[in-house]
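Both chains come to you apart, so use the hints to assemble them.
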Amino acid sequence: MFDAKGFVEEKVEELRTAIPGRAIIACSGGVDSTVAADMVAKAIGDRLLTVYVDTGLMRKGENQYVDEMFRRLGINYEIVDASEEFFKALKGVSEPERKRKIIGERFIRVFERKAKEFHAEYLVQGTIAPDWIESGDHLRDTIKSHHNVGGLPEDMHLQLVEPLRDLYKDEVRKVARYLGIEVCERQPFPGPALAIRVIGEATPDAVEIVRDACAIVEEELEKASDQGKMERPWQYFAVLLPCQSVGVHGDRRAYGKTIAIRAVSSIDGMSAAYSRIPHDVLERMSTRITNEMKADVNRVVYDITHKPPATIEWE
Amino acid sequence: MKVLVVDNGGQWTHREWRVLKYLKVDTKIVPNSTPFEEVEEADALVLSGGSPSVACEAGRMGNNGVYLDRFPGPILAICAGHQFMCTHFGGSIGPAQRPEFGAAALHVLEEGEIFSGLPKQFQVWESHNDEVKSLPDAFQVLARTDDCPIEAVRHRSRPLFGLQFHPEVENTEHGYEIFQNFLKVVESWKR
Numbered sequence: 001m002f003d004a005k006g007f008v009e010e011k012v013e014e015l016r017t018a019i020p021g022r023a024i025i026a027c028s029g030g031v032d033s034t035v036a037a038d039m040v041a042k043a044i045g046d047r048l049l050t051v052y053v054d055t056g057l058m059r060k061g062e063n064q065y066v067d068e069m070f071r072r073l074g075i076n077y078e079i080v081d082a083s084e085e086f087f088k089a090l091k092g093v094s095e096p097e098r099k100r101k102i103i104g105e106r107f108i109r110v111f112e113r114k115a116k117e118f119h120a121e122y123l124v125q126g127t128i129a130p131d132w133i134e135s136g137d138h139l140r141d142t143i144k145s146h147h148n149v150g151g152l153p154e155d156m157h158l159q160l161v162e163p164l165r166d167l168y169k170d171e172v173r174k175v176a177r178y179l180g181i182e183v184c185e186r187q188p189f190p191g192p193a194l195a196i197r198v199i200g201e202a203t204p205d206a207v208e209i210v211r212d213a214c215a216i217v218e219e220e221l222e223k224a225s226d227q228g229k230m231e232r233p234w235q236y237f238a239v240l241l242p243c244q245s246v247g248v249h250g251d252r253r254a255y256g257k258t259i260a261i262r263a264v265s266s267i268d269g270m271s272a273a274y275s276r277i278p279h280d281v282l283e284r285m286s287t288r289i290t291n292e293m294k295a296d297v298n299r300v301v302y303d304i305t306h307k308p309p310a311t312i313e314w315e
Numbered sequence: 001m002k003v004l005v006v007d008n009g010g011q012w013t014h015r016e017w018r019v020l021k022y023l024k025v026d027t028k029i030v031p032n033s034t035p036f037e038e039v040e041e042a043d044a045l046v047l048s049g050g051s052p053s054v055a056c057e058a059g060r061m062g063n064n065g066v067y068l069d070r071f072p073g074p075i076l077a078i079c080a081g082h083q084f085m086c087t088h089f090g091g092s093i094g095p096a097q098r099p100e101f102g103a104a105a106l107h108v109l110e111e112g113e114i115f116s117g118l119p120k121q122f123q124v125w126e127s128h129n130d131e132v133k134s135l136p137d138a139f140q141v142l143a144r145t146d147d148c149p150i151e152a153v154r155h156r157s158r159p160l161f162g163l164q165f166h167p168e169v170e171n172t173e174h175g176y177e178i179f180q181n182f183l184k185v186v187e188s189w190k191r
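Taken in sequence, the protein lines are chains E and Y.
Just so we're aligned, residue 1 is where the first sequence starts under our numbering, counting upward by one.
Just so we're aligned, residue 1 is where the second sequence starts under our numbering, counting upward by one.
With the rest of the complex left out, here is chain Y (with noise of 0.2 Å):
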């Protein structure tokens, strides 16, 4: 299995292939200006955090958006990512009401797949200015945090996932988890 690591610019993208690669998957990071098609054969997308507001730097996204667009397999968006994501397909974001840095208690309402088998309560680890104020139709929330009330999403037909917090950081509980029920899907899309 191929899953590429888009690299946004996070403080974290390099930890995103070393969980991969902890998981025995074949993995690179590439630059979010690689063309399309030489992304196009990997098995699916992790989409990684980075600095750019996304509301007024979505050029600094590079090709983001024709991944979204184009490629057909799982996608995983994460921080700066998921709130690309969530814009690129009409949802809106802007500054949080409380940022979240550091420690915060996830609250899972639906499992969605990503996650499947995990508690309904775990402490995850954030670090991010905005948030996703409203979601497209076509997306549905997985879960919350006291101060950000849409922390996971997932497309409701296809295999796109975002997260606010960084499954990817050793301070996330169920982090690993997290990444082998993505894992999990894009086993059954390739069948």
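So that you can see chain E by itself, here it is in the shape it has in the complex (with noise of 0.2 Å):
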């Protein structure tokens, strides 16, 4: 059906003529700019910066995890700290749509700055089908602006490269398998990060929250579908919702905020199924959180809708 080892090849050598000189690449360590980082660095070899920005947004151990992985994969890397500039960037903003464009534009000024000291004036991302699709264009409405296309600033100089842009996850699966990438079976994870699972305002405390119930709902779904009580999901995580309920702790009124979890199955990310997840699963995850987290949160409630009418990630 797809000929992963075809694609690499012919991808491989138009990168070759595509990047005539020097080239940074957007990497968050996930699958498609990994898989596209690694094409990119055998086409052009050194010529290629890989660099990661710990947006303050990212999982629990993220930002080790990558550079230890980058590694191992044995490419040229440099991770940047710029999470006081996403933080400031986002401060009091909580429509989605402009949390997205702010966290684009954040993005490409940073890579803007390690661009120059590179001497770059390529930057490949690792822009996958969906990302276009439901950024919009003169003939599709915007789903949402996915921060590698609808959220680009106008006025952004370097020229952009995309070889996976015809590709669906479960393709890039496919290449990164060929390539024997070690993040070839990891979930997707969106580009703005914690900051769209938090409806609202992304603040540094909600986004703590976030990160702690996110860390929770995939050790109990990696743990579950290990021990084959259910199939690991496409997609698993949480999200910080904006209203708060009324609860009991120890006698005492709990008066706390209210996580959503999200799992769905899915090929490609353009349709999916919300994950038939055991009940015993569910009331693990759902004590886990309201104990651990009995300071912030007292309610969980889990998300049953399909995509459509919902999207996958809640903005």
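Keep in mind that the hints were calculated from the coordinates and are not lab data.
Mixed in with the good hints, there may be bad ones.
What the hints assert, rightly or not - Label-pair distances were calculated between CB atoms; the ranges are:
1. Arg109/E x Ser116/Y: 54 to 62 Å
2. Gln97/Y x Arg177/E: 44 to 52 Å
3. Gly247/E x Phe101/Y: 30 to 38 Å
4. Gln123/Y x Phe2/E: 22 to 30 Å
Stated by the list, open to error - Dumping the calculated BS3-like pairs for lysine-lysine here, alpha-carbon to alpha-carbon at most 27 Å:
5. Lys42/E x Lys174/E
6. Lys174/E x Lys21/Y
7. Lys11/E x Lys21/Y
8. Lys28/Y x Lys2/Y
9. Lys174/E x Lys28/Y
Being a predicted model, the structure only gives us computed values, none of them experimental.
In this text, a Cβ means the ideal position worked out from N, Cα and C, and glycines have one as well.
Below is the structure:
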């Protein structure tokens, strides 16, 4: 159906002529951008610098994991701490499209600085088909502005190179397996990261809450699927909702936040069905989140909506 | 065999292209503003879905009407493409009594080539606000869901097919087989 080997050979050849000079690649450590980094490195070697941005919005342990993974991959890379500048730009902003556009622009500003230092004219991105489809164009409505397409500022000077534009996630995974890339089976994670899993303003405190809840959801669902209780969902995470509700903690009134759990099965992210999680697994997540995070969260709900009508992420 | 996918701005236009590519068809996505002369040499057309509400935004459907009038070969019209085709030949559309998104159970009434060899009932994936309310005489209904009586149609004398649901998405069962059945129609039409 899809020929990963043929794809890599053709693209690496194309990339050699498409990038005559130096390039940087925006790499989150996810499947798409890591595959793109590996392919471009094969084409232009040390003329490529891989840049990972710590936005302050990443998952628990992610910065360290990516650092080690890049080292194992043996590529030329740099990790940039830009968390302060991202939180500053997001201050007071709650509208999801604004959040996505602000994040898209911040990324580009960081990449422009790094490109200047490295004397690069090209910016490689791991953009895949759903990114530009959902971002909209003259024919298509905007469903959400993906940071790497609809979130790009108009005055950007770097020339874009996007070798994976026509592929979907399942195809990128096939390429990743062919290239022997260790992150080939990692679940998708959006570029705007935890900022769009906090509904409303993404303050450092709110991001911290959703980061902890995401870690519990990931741990428990991975454990349950490893034990054969369920199929591992395509994507699974927590969302912090902007509402509070009444609870009771040790005979005292609790007025806490609500976490929604989202888990879906999909092939390509363009359509999805909510995952049939066994009740004991749901219960375990709920108990852990409300006990371990009792200072903030006193209620957990499970999202049972397909795509469409919902999208996978909430924003 | 060459099949062009006419892009009406759907979320799943590129998926239609992917399914055809996987079925080893020579295929390309073209905008719906493409002049007829540039689509004429294809063996078949797929008219994609899209966000236009066909009843009041027919302008956004570009040259779909020209293709339907002048293209001699088979056409598979999906979602907004299907709605446009039905109105173009004299049917009517309007807001769906119960809009469908996500899973729905399709009931096949007539195989009509496009459902050849498939079960009488299977799950399909939907995403529509409007629906076809009445069909022109030249068309017959092939399938329905519980909430939408006109889910699949075919022209009685020309190789034109319309589907309200989306055979190109992974969650629709037998989607590839529906495309394969369409390609069989294209094969026999070429002969």
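Evaluation of the provided hints:
1. Hint check: Arg109/E to Ser116/Y, Cβ distance near 56 Å, so the stated range 54 to 62 Å holds.
2. For Gln97/Y and Arg177/E, the Cβ-Cβ distance of about 46 Å falls inside the hinted range of 44 to 52 Å, so the restraint holds.
3. Between Gly247/E and Phe101/Y the CB atoms are about 33 Å apart, so this pair conforms to the stated range of 30 to 38 Å.
4. The beta-carbon spacing between Gln123/Y and Phe2/E, approximately 24 Å, falls within the hinted interval of 22 to 30 Å.
5. Taking the CA atoms of Lys42/E and Lys174/E, the gap is about 17 Å. The hint holds against a cut of 27 Å.
6. A distance of roughly 17 Å separates the Cα atoms of Lys174/E and Lys21/Y; the hinted pair therefore holds under the 27 Å criterion.
7. With a CA separation close to 18 Å, the supplied pair Lys11/E and Lys21/Y stays within the 27 Å bound.
8. The hinted pair formed by Lys28/Y and Lys2/Y meets the criterion: a straight-line CA distance of about 8 Å does not exceed 27 Å.
9. Between Lys174/E and Lys28/Y the alpha-carbon distance is near 23 Å, which keeps this suggested pair within the 27 Å criterion.
Of the numbered hints given earlier, the model fails none.
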